[in-house]
Structure formats: C-alpha cells, structure tokens
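*Asks:* Protein chains in written order, with the working numbering: chain A, 125 to 244; chain B, 86 to 569.
Don't read these hints as lab results, they were simulated from the structure. Note that CB positions come from ideal geometry on N, CA and C, so glycine has one too. Treat the hints with care, since some could be wrong.
What the simulated footprint calls covered on chain B by chain A, stretch by stretch (three residues with Cβ under 8 Å from a Cβ of chain A suffice, anywhere in the stretch; the number is not a length) [unchecked claim]:
hint, segment
1, 104–111
2, 500–510
3, 527–535
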Amino acid sequence: MSHMVRIHRITAAGKGAEMAEGNGLSVTLDAQVYDLWAVHQAAYRLSDRLAIQVAIEGSTIQCTLYPVTEGTNSDSLLVARADFLREVTDQMLRARIREVTEPVRNLILAYTFSRSGLQK
Amino acid sequence: MTRFLPAEDYLPSGRYELLPFRFERLDDERVLLSNMAGEALTVSSADLTTLVNGDLDRSGALFSRLRANHFLRQPEDRAALELLALKLRTRYARLRDFTSLHLFVVTLRCDHACRYCQVSRQSADRASFDMSRETADRAIDLLFRSPNQALKVEFQGGEPLLNFDLIRYVVLSITERNRQHKRDIQFVITTTLSLISDDTLAFCREHRIFLSASLDGPEDLHNANRPRPGADSHARFVAGLEKARDVLGPEAVSALMTTTAASLQRGPGIVDEYLRLGFHGIFLRHLSPYGFALKTQSYQGYDTARWLEFYEETLTYIIDLNRSGVRFTEQHAAIILRKMFSCHDPGYVDLMNPSGAGIAAIVFNYDGGVFASDESRMLMEMGDDTFRLGSVHEHGYDEIFSAPALLSALEDSFTLSAPMCADCACEPWCGADPVYHHARHGDPLGRKAESGFCQRMKGMTRIFVKAMEDPFVAALFRRWALSC
Ligand code: SF4
Ligand code: SF4
Chain A
125 MSHMVRIHRI TAAGKGAEMA EGNGLSVTLD AQVYDLWAVH QAAYRLSDRL
175 AIQVAIEGST IQCTLYPVTE GTNSDSLLVA RADFLREVTD QMLRARIREV
225 TEPVRNLILA YTFSRSGLQK
Chain B
86 MTRFLPAEDY LPSGRYELLP FRFERLDDER VLLSNMAGEA LTVSSADLTT
136 LVNGDLDRSG ALFSRLRANH FLRQPEDRAA LELLALKLRT RYARLRDFTS
186 LHLFVVTLRC DHACRYCQVS RQSADRASFD MSRETADRAI DLLFRSPNQA
236 LKVEFQGGEP LLNFDLIRYV VLSITERNRQ HKRDIQFVIT TTLSLISDDT
286 LAFCREHRIF LSASLDGPED LHNANRPRPG ADSHARFVAG LEKARDVLGP
336 EAVSALMTTT AASLQRGPGI VDEYLRLGFH GIFLRHLSPY GFALKTQSYQ
386 GYDTARWLEF YEETLTYIID LNRSGVRFTE QHAAIILRKM FSCHDPGYVD
436 LMNPSGAGIA AIVFNYDGGV FASDESRMLM EMGDDTFRLG SVHEHGYDEI
486 FSAPALLSAL EDSFTLSAPM CADCACEPWC GADPVYHHAR HGDPLGRKAE
536 SGFCQRMKGM TRIFVKAMED PFVAALFRRW ALSC
C-alpha cells in the first residue's frame, strides 16, 4: 500500500456499492489503492450517522454501512455512502500531507520548544 | 567542530515544500486550511489537490498567498520555520503562567429562580450555603501559590451580593497580603445587579472591582428567563446599571446573556436592548448541559443546529449595524477570530488546549470543595463529583493540582492527539472541553462526530468564513480580533 498515490476526487460515488444483507450498504475498496487507516478515520468521522463494519477480504477492504438512526431511508443512506467515500479520499489526502510534512513538522516543534522554557 | 548546514539547504531546488497543515471541507467547492500556528486560508477543492500534488503554479496569486501564510516554502524561505516556531511558542506561552482565574463561590443563595439555573438555592440558611471566613482563608492561601503574576479573582454565586461581608473580607485580606506578593490582581463580581447598594458600589470603587452582570434581552424576555419575587429583575438591572456606571465608570460593568428557547426568535431585539442600555458588544452564549438546565429540559429546548441558526441571524444583524456606522462587537466571535488571525490566545477557558480546567481556572466552592471549572461544580450539584479535585480544608496545593481527576482529564482530552481533532483545521482555535464531554458522553474525550461542542465550533467557523467573503466583514472581523 503506497501513500504516494496521486489523489483524485471520487466522482462516481456509486461504483463498487451494493445492498448488503439486512439494511446495510456494502462498499468494496481496492486495498492497493485505499489505506485501512484512512477507512477507519472516515468511519469515525461519520459515526454520528453510520456504523461501519470493516473487513479485509483478499485484496479488498469490505465496508458495510449501517444507518445509526432508525427510519433512515435508502436515499439518505446513498448520500451517506457518497460522503463516506469522499471522506476516505480526504483521509488519504490528510495522510499524504502528514507524511510529506513530518520532517519539517518535527523541526518546527524542536525550534518551538527549545526556547519555550516549558521542558525544564 | 563539524557544523551541519541548515535544514533549508537540503531542499530540492526548483520545488516548493509543503509545510504542515490541516484541512476541512466547508462545502462541495471550498476547503478551509489551517497551519500549525492557526493561520487560516480558504481554497477551492481542486486547488487543494493541485497544491498537495506539487503542481501549483508558482507565479500565481494563490501560490503567493500560501507562501506568505506559511503553508508552503521555497528553498530561499529560510526564516519560515523560525517564524512558525515563534508563533507556535507565543500560542502556548500561557501554559507557563498557569492558573490565573480563581472563582470564589461565596454563596449558593439567590433572590432569583432562573429556569436554566445550575446551582442556586432559594434559602435563608446562611450556615448551609455561604462560604465561611475559614474556608476563604484556605482558598486565599492557595491563590497565592499560583505562579501566575496576573491573578483574577471572581466572586460567583448564587447571588454573591447576598454574602457581601465575605467578599469584603476576601478583598481586604488579598489586598493586605498582596503588599508582600506584589501580583497584578483584578476583582470581579458576577451579579444580576438586583441587590446592588450605594455601600457596595463605594467599596467596589475603592478597590477597583468590576461587575459582570446578566442581561438576557428586552424586559419581557429577561423577566421570563429570570423570575424573582416582584417579577422586576429587568427593572432592577437597569436601575443597578445606571447607579453602577455613575459610581464606577461606564466600562466597569459588562453584561452576559444566555440563550434560552424563548430567545431564539429574538436575536435582533436582544442586540437592540444591549445597544439601548449603552453596551458596545454582546457575548452570544448557548446553554450548558448542566444543572437545572438539564433537569427542567431547558437544555433540550434547542439543539446545536438551531442555536447556530440563531447565532448566524444575530451575527448578521450585528454586522449590518456596523455597516450602518454603529460600532458593536459580538464577543464570542471576537475570541475565536483572535485565535484565527493571530498567535495570541485570548485566554477563554472553554476554548483552550490543553483544557483550561484547573490550569487556567480553578473554583473554590462555598463549602471548601475545589473544582477544575465552574461547570465541574455544576456537575457536582447533579451528583457527579468526577472533577472535584479536593478540599481547601484537607488538601494542599500540590495534591489539588496533581489530582488524578485533573491530570487524566487534561491528558485524555488533549486535542492534538484526539481522534478527529488531531486532523481538524479548526483545532488551533477550538479547545478540549473534558467536562462538557464527560457530562454528555461519559468520558473526557467524547465522540466528536456526535458532539454539540464540536458541531458548534465547526458551524461557527463556517459562518465566519462565509461572512468574510464580503470585504467589509473581513475588515470588521480583523478589527474585532485585534480588540479582544
Ligand atoms: S442563574 Fe444566577 S441569578 Fe439565576 S437563579 Fe441561578 S444563581 Fe441566581
Ligand atoms: S472538537 Fe471538533 S471542531 Fe474542535 S478540534 Fe475537535 S474535531 Fe475540530
């Protein structure tokens, strides 16, 4: 899994999704492209609306999305799924930024606290 | 001796380097970026991708903006890291100072019976609900143990003026002991002004005591929110305000409002009342999920989304007033904007990270209990003593400030390592509020995706960013940020 993939916005949010058993929606992600950590982060961000079950199956990450609030209709579940996919992409982007800025971030923190008097 | 070249000399030439930043989508098109020092910028979604992929046009205006605001640097930008570090250091400088605000709850008794009240008692029983001199003495000992040169002593209640003898005693004792300690001490009494007398005001003038009063809006709204015998809370406030300003000067009295469900339709009217009474600003405050507010369902009277609607409508009204030449500030916005536009922390306890609980403010309850914040003692009134750090009668300074309840709350809620907060663009101007999250979610960190505190901060940020698309508002907000 490489963090160095170039990031593109997902435009076809419906791809790879189908109704799962029960009242959930399943989304299949290619584990070569998506990072499991990003999937978890996205699931946490949407936890007010969705409970997301995540499993690794071969080279795919299988996500099943369940609405948290009762009475969620299929339209709003589709919107939530699109938000989830967008959020996974954002998390990939965040991971990329963190990765490339890590050394300079440490340098800034070293400069900051070397003169703060906080670490006596 | 071998010397290393500065880190800057290792940058690949001809490329720009990203500096650490976080982002948050405002809508489908726009993204908010903030860097380590809290400086914020809005860019388009497409520009964000281009920026991260290293493809940004170096001759464009966006590139210059991002460079000037430390989101990226070029090999020749040698001072960028030092500057960011300096700003970050300034931002956290308050940690060195430690506790400034010391709240003395001098009585729980009150002449009001506000619907949303967290703590008050309608009782004449002084012995059970007033702070004693002995308790005050112990609290004053702890006050002078704070390493902070600038100390703020705030008298709270109930209605603190019902135990004015003790306020007098505490002010005189502190003033006397301070001859030796030489701290900068500011006194504030939080009061409804309903019981203010000439004697009280004369003492306040002599000791330069400020008054922080409560005004919820026009007479009918204020009286409905704040019942008292005679249903005359508003009239007493107005009379007390006039007298207090005469004696103490116009700037010595400030006012705070609380938003109840009945306030939601009345934003502009509330602002007009503040203006009519000569105030230059208002702090639009939401209800807290503590005390009787919860018991009486006041807190459930509206949700965060509804409060944000009220907030946006009222803020827009205030902006329009300014547009028409009336200078008036929304102080809640001013505090957040100051954090967004500068590296100076205005020291607002609810929006601090690490949390201000205990390390920026401490509460001495009437019975000697020590609490990490005003909200902590309100929680105690609901039977939850999680944030009771000890008692002035039983515990010393070191025991109180190293209480496991305080340390674990600070550590567990620290936003730089909290899920969601750690990568949130609002983090530099947000805060950790362990007491709120404990009250609502049962743990100091809470679940930010469901947190009203989080929704409010993100919502207010969106409102500010949208409003600032208007150059007039952008300039106005900068003025507010500098003035608070
Ligand atoms: S909110 Fe203040 S004024 Fe109202 S009852 Fe409570 S202590 Fe008294
Ligand atoms: S509480 Fe919410 S708004 Fe504040 S830093 Fe955390 S995620 Fe961001």
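*Asks:* Each hint needs a verdict: does it hold in this structure or not?
*Replies:* Here's how the hints hold up against the structure:
For the segment 104–111 of chain B, the stated coverage by chain A holds: 6 residues have a C-beta nearer than 8 Å to a C-beta of that chain, and at least 3 were required. Counting residues of the segment 500–510 of chain B whose C-beta lies closer than 8 Å to any C-beta of chain A gives 3; at least three are required, and the coverage claim holds. Chain A is given as covering the segment 527–535 of chain B, and this holds because 3 residues of the stretch bring a CB closer than 8 Å to a CB of that chain, at least three being needed.
In this structure, none of the earlier numbered hints is contradicted; all agree with it.
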